[in-house]
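S.K.: Chain residues, written in single-letter form:
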Amino acid sequence: MNWEAFWLTVRLAAIVSTLLIAIGIPIAYWLTYSRWRWKFLVEAAVALPIVLPPTVLGFYVLVALGSRSPLGRWWESLTGHTLAFTFEGLVIGSLLYSLPFAVQPFAASFGAVDRQLLRASASLGHSPLQTFRRIVLPLSKAGLVTGFALSFAHTLGEFGVVLMVGGNIPGVTRTISIDIYDQVQTANYSSANQTALLLLVISFLVLSIVYGANRRPWAVGPWR
Amino acid sequence: MSELRRLLALLLLAGSFATAQEITVAAAADMSAALPQLVEAYTKKTGQTVKLSFGASGNLTNQIRNGAPFDVFFSADEEYPQQLIAEGLAQKNTLYRYAVGRLVLWVPAESPLDLSKLGMKALLDPSVKKISIANPATAPYGRAAEAALRHFEIYDRVSSRLVVGENVSQAAQFVESGNAQAGLIALSHALAPAMKDKGRYWTVPLDAYPTLNQAAVVLSKSKQQDAARRFLEFLRSPEATSLLTTYGFNLPAEKH
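Protein chains in written order, with our numbering: chain R, 1 to 224; chain L, 1 to 256.
Do not rely on the hints blindly, as some may be mistaken.
[To be verified] If the Cβ cut is set under 10 angstroms, some of the chain R residues that face chain L in the computed set are:
1) P54
2) T82
3) N168
4) I169
If you're looking for bench data, these hints aren't it; they were derived computationally from the structure. The beta carbon of each residue, even a glycine, is placed where N, CA and C say it ideally should be.
With the rest of the complex left out, here is chain L (with noise of 0.2 angstroms):
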């Protein structure tokens, strides 16, 4: 029996020292494929362990506001990290602008429109029935999205036909699967191996909609905040920008 005891506390002493080293990462919905990677290279190199949670950025800054133990924030655009700092939820100096994200048209393979030629108007089709998009009150890349649709002034001839995910990852899953003829996600999704065979993409034009830049910010809260600091330092290393360009987002410095 005391044996038993002795190994329960020992296991959770080892626990409590792993939750203690381990940083838990709130991420934009776009870096589902990236950031991953990203974690992988930098757990490699350091020894750090990172957890993920992705969702809409809304919904994770609203998550944040009612004090979600999230060390760090990836987010698809840089007002609401904005928003926390003025809460005094963030830090100021470590808000990162780390990629800009790009919005595209996908179709699926079997799909028969000529995407290079029509580009948005592509939407205009009847085949086209449905158009997934992400949800513009939570998500950047729903609101790019909406932008783009009025931008080449189609919005009010396809709106009827928009349907919403919840984040930019469910957009895409219901175009992916075939239940939504075309929709309008993010690149990172459309050059992610997941989705990268099954489908053709145009690229939106950056002037389209106004600019998605990605910003990640050290919540106040974090008991870890070295640990957070240090993640973000890596995300500026060759390392970590060359596999962002690779998942499609611009960096920072960069234009088109």
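Next comes chain R alone, as it looks inside the complex (with noise of 0.2 angstroms):
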């Protein structure tokens, strides 16, 4: 078991959810609200990463960030290195990866407050940012739970992208997915098992408070 990758991938995974709350809130928002007549493209762009394979992103983070790109060298003469290799390289990567896992969650949970509850606020003389703040944000809180755990366990399980711009530096970049595909590919099949099942545990695991989170009605609860 390599618990150095383990908890390399928990960090990863902890700070690109967190992250994604961040970014995912104003963009849920502003897809929920706005009445922008081409909205339906920044939806699609926003939902691409669940249908690209995850090559595709590992191809644009190592050659149109590369050192060979003006984004690229904008980057290194910020921070000295290209993002490929590099922790933050993976955050970054992870970003775009999970976006819609975060994204999309939020946005249902918005879209489903009554808008008469919104109106009513307004008429009361908050302002959208207030109104959005007391009672949009806490009745979605099922729905911000499961954007964050969902964009946590699908950074979690990443694996293209990490082998294609990663480059298996331990402590660095040998992510827990990385981990266990370098103990199959050498035959070292009970390690690879122990971290495969602990895998299997922790996602069953956070599927479970994301599904536990939207259990509608909790008059009874799962304990009875």
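Reconstruct the complex from the two isolated chains, following the hints.
M.R.: Written out as structure tokens, the structure reads:
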């Protein structure tokens, strides 16, 4: 069991899902309330990582953000290194990769809030932002938990992007899925099995939280 | 409807004939440029079609152990085929050392490093932030790279800057794309059209790492033993050996 890889992956997933709360809420807000006629294009763009193979994302991080591209050079002048083979590189790749898993549950729960409440809040003199903070956000708790948990679990299980841009550096970019891959490739099945089992259990727990949070009437608790 | 069904049956039949003839070759990543050309020449000559699957030799060995449907295995070293023979998964009498692989230090064209003067010591230059190598756990070239770094006694000073490709092709791609500033890769990649004009290389001397005796073997589970053997036979032809030479492989008999 490679604990270094395990904690690295947990750290990556925690950072990514926390950042996605900050990034995802404004995007989801805009997607929910905007009346722009081309909004569907933005919705499609946000959903892209669901259907794109991770190799596409990995390819762009390597080449479009590599040291030969203007964007990559700008990043290099800022930080002194390229995005590939760094923990930040994995964070940025994972942010893109897990974006829809945060934004879509957020937007769905914002959209489910009764508009009458919003109108009532506005008529009582609240600004849209105040209404959002005091009415929409509290009523969307389940969606927020879902988005956070799904993006956490999705990042935990990320493989393709990391394989392409990580460079397999212990403690920096060797995530748990890469570790499992290496164990399997070198026929260390018992070690691979331990790690895989742990990942399986964690993923199940996270998804249980998601479905538990969304279980509508808690009139009858699961414990009864 | 019945027309359609007949057509479908015909297609299926044609398909099964095609696969009955075709052989599938699993090959070390350092053959990714040379082998397609060898296959093209072979197919033109014999009509035999050959499907290719590339990866790190260790990964391929593991796939073979788990029942991958390959007929022939081209390894970048001799150990993996020997292991498969010992496990009864490969045919001992077909083992053939087809080439000796060469390791090179490669830098992109824009690199300021003078490889001919510095050799391996170029890696100590501060401008080299990342050095790509293949995964030593599964790729013979990765092990060769590690051995060479130790041979020149710089391993400890550069180990924190190593980035590891899944196989030697990925290691080459890491440095070709400029994401790593130097790479220890296969000479066959450095000479391949895709990389030839994009950088410079320094050939690591043969005594710096254990010889990469590349060996091919027919797999026991192959249902096309004869076709597989014939393809290996072709490797001994002057046509095949001269092509391997142009990709920087030493032939098994010759020394540097």
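S.K.: So, as I understand it, the hint says R:T82 touches chain L; can you test that by seeing if any CB pair is closer than 10 angstroms?
M.R.: With a minimum Cβ separation of about 5 angstroms from chain L (threshold 10 angstroms), the hint on R:T82 holds.
S.K.: If you take the shortest Cβ to Cβ gap from R:I169 to chain L, is it below 10 angstroms?
M.R.: OK, holds: R:I169 within 10 angstroms of chain L, min 6 angstroms.
S.K.: Would the stated hint for R:P54 survive a check requiring a Cβ distance to chain L of less than 10 angstroms?
M.R.: Status violated, d = 14 angstroms.
S.K.: Quick one, is the R:N168 hint okay against chain L at 10 angstroms, beta carbons?
M.R.: holds, 4 angstroms
The structure fails hint 1 only (numbered hints given earlier).
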